[in-house]
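> Starting from the structure of chain D, add chains F, C, R, Y and G where the hints point.
6 protein chains.
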Amino acid sequence: MRPSDQLRDVQIQRGYLESNPASVLYRCGKTIVLCTASLESSVPPWLEGKGKGWVTAEYNMLPGSTSPRKRRDRSGKVDGRTTEIQRLIGRSLRAVIDLHKLGENSIVVDCDVLQADGGTRTASITGGFIALAIAVEQAVAGSSVGNGPLTDSVAAISVGLHGDEVKLDLDYELDSAADVDMNVIMTGSGRFVEIQGTGEEATFDDDQLAKMLKLAKKGIADLTKLQQQELSR
Amino acid sequence: MRPSDQLRDVQIQRGYLESNPASVLYRCGKTIVLCTASLESSVPPWLEGKGKGWVTAEYNMLPGSTSPRKRRDRSGKVDGRTTEIQRLIGRSLRAVIDLHKLGENSIVVDCDVLQADGGTRTASITGGFIALAIAVEQAVAGSSVGNGPLTDSVAAISVGLHGDEVKLDLDYELDSAADVDMNVIMTGSGRFVEIQGTGEEATFDDDQLAKMLKLAKKGIADLTKLQQQELSR
Amino acid sequence: MRPSDQLRDVQIQRGYLESNPASVLYRCGKTIVLCTASLESSVPPWLEGKGKGWVTAEYNMLPGSTSPRKRRDRSGKVDGRTTEIQRLIGRSLRAVIDLHKLGENSIVVDCDVLQADGGTRTASITGGFIALAIAVEQAVAGSSVGNGPLTDSVAAISVGLHGDEVKLDLDYELDSAADVDMNVIMTGSGRFVEIQGTGEEATFDDDQLAKMLKLAKKGIADLTKLQQQELSR
Amino acid sequence: MRPSDQLRDVQIQRGYLESNPASVLYRCGKTIVLCTASLESSVPPWLEGKGKGWVTAEYNMLPGSTSPRKRRDRSGKVDGRTTEIQRLIGRSLRAVIDLHKLGENSIVVDCDVLQADGGTRTASITGGFIALAIAVEQAVAGSSVGNGPLTDSVAAISVGLHGDEVKLDLDYELDSAADVDMNVIMTGSGRFVEIQGTGEEATFDDDQLAKMLKLAKKGIADLTKLQQQELSR
Amino acid sequence: MRPSDQLRDVQIQRGYLESNPASVLYRCGKTIVLCTASLESSVPPWLEGKGKGWVTAEYNMLPGSTSPRKRRDRSGKVDGRTTEIQRLIGRSLRAVIDLHKLGENSIVVDCDVLQADGGTRTASITGGFIALAIAVEQAVAGSSVGNGPLTDSVAAISVGLHGDEVKLDLDYELDSAADVDMNVIMTGSGRFVEIQGTGEEATFDDDQLAKMLKLAKKGIADLTKLQQQELSR
Amino acid sequence: MRPSDQLRDVQIQRGYLESNPASVLYRCGKTIVLCTASLESSVPPWLEGKGKGWVTAEYNMLPGSTSPRKRRDRSGKVDGRTTEIQRLIGRSLRAVIDLHKLGENSIVVDCDVLQADGGTRTASITGGFIALAIAVEQAVAGSSVGNGPLTDSVAAISVGLHGDEVKLDLDYELDSAADVDMNVIMTGSGRFVEIQGTGEEATFDDDQLAKMLKLAKKGIADLTKLQQQELSR
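Residue numbers (full-length UniProt numbering), protein chains in the order written: chain D, 1 to 233; chain F, 1 to 233; chain C, 1 to 233; chain R, 1 to 233; chain Y, 1 to 233; chain G, 1 to 233.
No lab work stands behind these hints: they were computed from the structure.
Identical chains blur together in the list; that is why a pair holds if it fits in one copy or across any two.
Listed next, the in silico DSS-like pairs over lysine-lysine satisfying Cα-Cα at most 30 Å (straight line): (1) LYS30 with LYS218; (2) LYS70 with LYS30; (3) LYS214 with LYS225; (4) LYS30 with LYS77; (5) LYS101 with LYS70; (6) LYS70 with LYS50.
From a predicted model like this one, the values you see are computed outputs, not experimental measurements.
So here's chain D without its partners, still in its complex pose (with noise of 0.2 Å):
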């Protein structure tokens, strides 16, 4: 059984689709994640003209990527949680890049979710963290992270609460088992980007918070590493 601290096995296939570069495979445990990052030589009409350039997430799980079947989301309505995740996901990818240095391109970062098991959105910042510095580096030759647009790395991990254990990177059934799930971003330089901690029926008080907290920031350095091997390839 997994030690409480430790992250599930991931693997990070760059290049998958031969098509684009900026593509990759994500697995993290049974959770795999598409990452692809586009490049479009134009900004939403609200940002024309103004010599910045946007970056934006879109998440979406394939029906098979559940058991049971997951119905496809074509009735013209996005469900609430897709929204709220690639929201996050965008706003966490902007957190690390200087958008006036990317110029009037757009690059949208697409997270399909072929497997699911835990642990989705955050797979996907990571991962298409990855995707997306790969995109950067083609966009604006010569670029790197922390030289360029790109200011810094940028991962995320769930912690979770169960009676009072704290347990860091929660699959499906750890996490339908958590009394409070707590989804931390961090940057590679160790400053929080976004807190999300959420008890569904359920709370926690200052301590659980600073345990969870400490336990994240472990987690967000073991991918630091992992996100930084695979850029240097």
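For chains F, C, R, Y and G alone, kept in the frame of chain D given last:
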């Protein structure tokens, strides 16, 4: 000028609509939200036959609530921000209710913003709780907070980081200037229900997080008193 | 009991929202409508370059305005009744404005029903005219009704036929009992703008028509006085 | 030139579609409407178990019915004009039927405009009534107008005010020139079902109203005879 | 009983609508389709500035065209069958037109089915071609088939396999009984434009394919003669 | 360069998703389709109580599957091409299954295109059949192709006409250059399930048709062998 650790002026008018005692006009500075709780003697399909009830919320800004006028949401696609807010309100209210004690009944809390000047989501939670409490009293005769379905009260407040200064209860102007915006939802007994800290194009560290949480607790304590006064009338 | 030729008690509160002077809280018995007029310095595409402006209206009932709660209109399909009512409000307001004198500007009059007890469409017209007049005054300095874009005032009232008895200003209970329901919209100077007489599963003859029109004229004259008082403050 | 108190040439072809005897091709000048009544052995959910039936109408203009071509209504949003018209047709037809005598059956009257030259809504009512009467005869053997579910016949006509002149049965050209447009729906026995008088950017007085109603009555009487002839074949 | 290699009775009425000469009422047995071609002096955005035109088709069945009544397509989602059919009609018509000779103009061919008894898609192509040819003659003066934008004529017919017997021009009853249904679209000069052979829950072999194609060619030749007669009037 | 009668390199990976054995990653040249078959113990409403099952398919291209990025289908309107393709996949799979032997169960075959380089619909059928066969084996223990619900196998391939040359298995480049594009779907035993030959702005004659069909048969025979190998592992 308002001190940075002080709430805006709050006015609460319960029974605002003659046709529904569980209607609350909640004012917080210039922000005005009409919260109404409606009891329905049925539950959503996925809860039928489980002997428990449901609480949900809907949030909407009236077109005239902002300047320039906000377009009415009639495209069939509720925008992402609205979806996030109403899911947050619903989760927050459900954190302080024992749904089994509600029987197979639903309560919908509608939060319609008549005038928006920052803090509409936190006003919706704080005012919406009062409407909910009145509706619960009607549904379960003789019940009150702590004695019946409601296990505690819940309130919400925003805190912001501007440079290195921390501010309580952001109005629109303060919110626009803030680098980091954090919404804190807590029970009357002082436990966290939800923490959402977001730095769009900014980040924060441990110290700043601690300062923001401390200030939020003070604000929640003040709001809890106001809720108790109104409910004991 | 209210005499059959007398209006319900009317209360008008202009400047209800601090952020918009052209906001009017209109109460007529238990019916409460918030009317706000918003000026936009553009016209719909089909009017561009024609040197004239546009006035339109949107009507909506808040979920808490009725008991049982009215479902929020979020399907992307505005229901037929709502469409009819907002088209009627728009036509009525346009009947008393010289759109050429408005320049290429639009005014949207939002009528949001906070509490519904019959007569919401006529309240929206009568109250909406006041909001419109304030917005026009702001758009065209020095203008007033009869002197500037507004050529006249407009007000609306319902009359009903119950058996052979004619009644003015139907509340929900009277409206439900009526065999024939007629909405009459007239200018302050006493000309018809629109007559809509409908007998769902009932019919009416010439005499009954004459009686209903006579009573409606009395009601319109009373409302016109109230509008003038409020606008001359 | 047609006298101002005379109807356009009317041609009625019942049983136009071999597959449905209750199909009527109704021509009025150049306006052509195909009216078909379809019987369904069920009622809308809100009428189930009440022992009465329902009559409703749908109205649609074919793309080739106007020049330039009218875009097909496939956006999922039926436009406001269409909604108003089909609600009017439905109410008018229901005014002459005793729904209890229909049993728990529904009749849908479809009015599809093949060619539009003004007066499509009144043609739909006048022609739609014939289709309805045939369908009722089939549903309730031995019934006829006045003897069975149908208590009377119903027909509709437009009248217009152009300057101070009053005109009957407006085609597109006359309708465009008219200051005030009034649609009058009456029973065969001469009672009003609905009056809709509208002055878009114009108003009218008592005398003008009286003249318009008088002319409308003449037109309705003429149409009623044509309906009786067709139904007695 | 109709021989298995003979078409149903075809009747073609050009100029059916006074307002548009390019309107054709096409009857084939009990199937009735109203085809109207409308010329628009613009092209879709993706063709702008390329010096060529566009031809497209829309297909629709009226509610009264089938028994039981077909629900009107107002959900905003055109059903799959309708989409397939109108794409097929458009491709078939474009196969015989030189879009460069049309200039930057569009022609929309609307095919509205008034009565459906099998073969509505093939009737739409055969009748739609006549409407198109009339519209092209109007758009490009002096042009005719083979001399101007239209390089050839096009017609369509169905053939079916029932057991081992092959049948031409399936009406609803024959179509329901057929194991394999094949639609063949050919030019007047005898070349294939499109072949669609489908065995829902059945399959076919080379011999059967050969027989079906042979019979289809005979049917197309007969239809081509009828088209030529109508266009030479 | 690949000979014109040879398939692209095909790679099939069954059980690609740990959570569902009936998941197949199908590669054909650069085209990659993830096919997953999901069993549901219910049937669509129109099949209830008839003692037979249902097989349907859904097709989708991921945004990153093409360059430039394909917009995600979230408008509520599935585009016409997608609708046609998924209807074709469904019909093709149903041609080789005895739905009565499936009992009242449904199988949904999802075909999600990860990378698109031509032939995605034929890959979806060929790969989708393998996923279907695995799901059927699980649903009906002891069954295999020809022994149980599946009466035969099914595969699909495209052939094209470029000038007078015929080519097998068109990739994107070949497809764009082809004058005529034909998709042929056949059973493992060599019978036609569906033929769709389309010449957008081109036509073809009998000889060309014969050549295309001959080449398609060779391709189908090769694919059938690959399917058998994979299923016998």
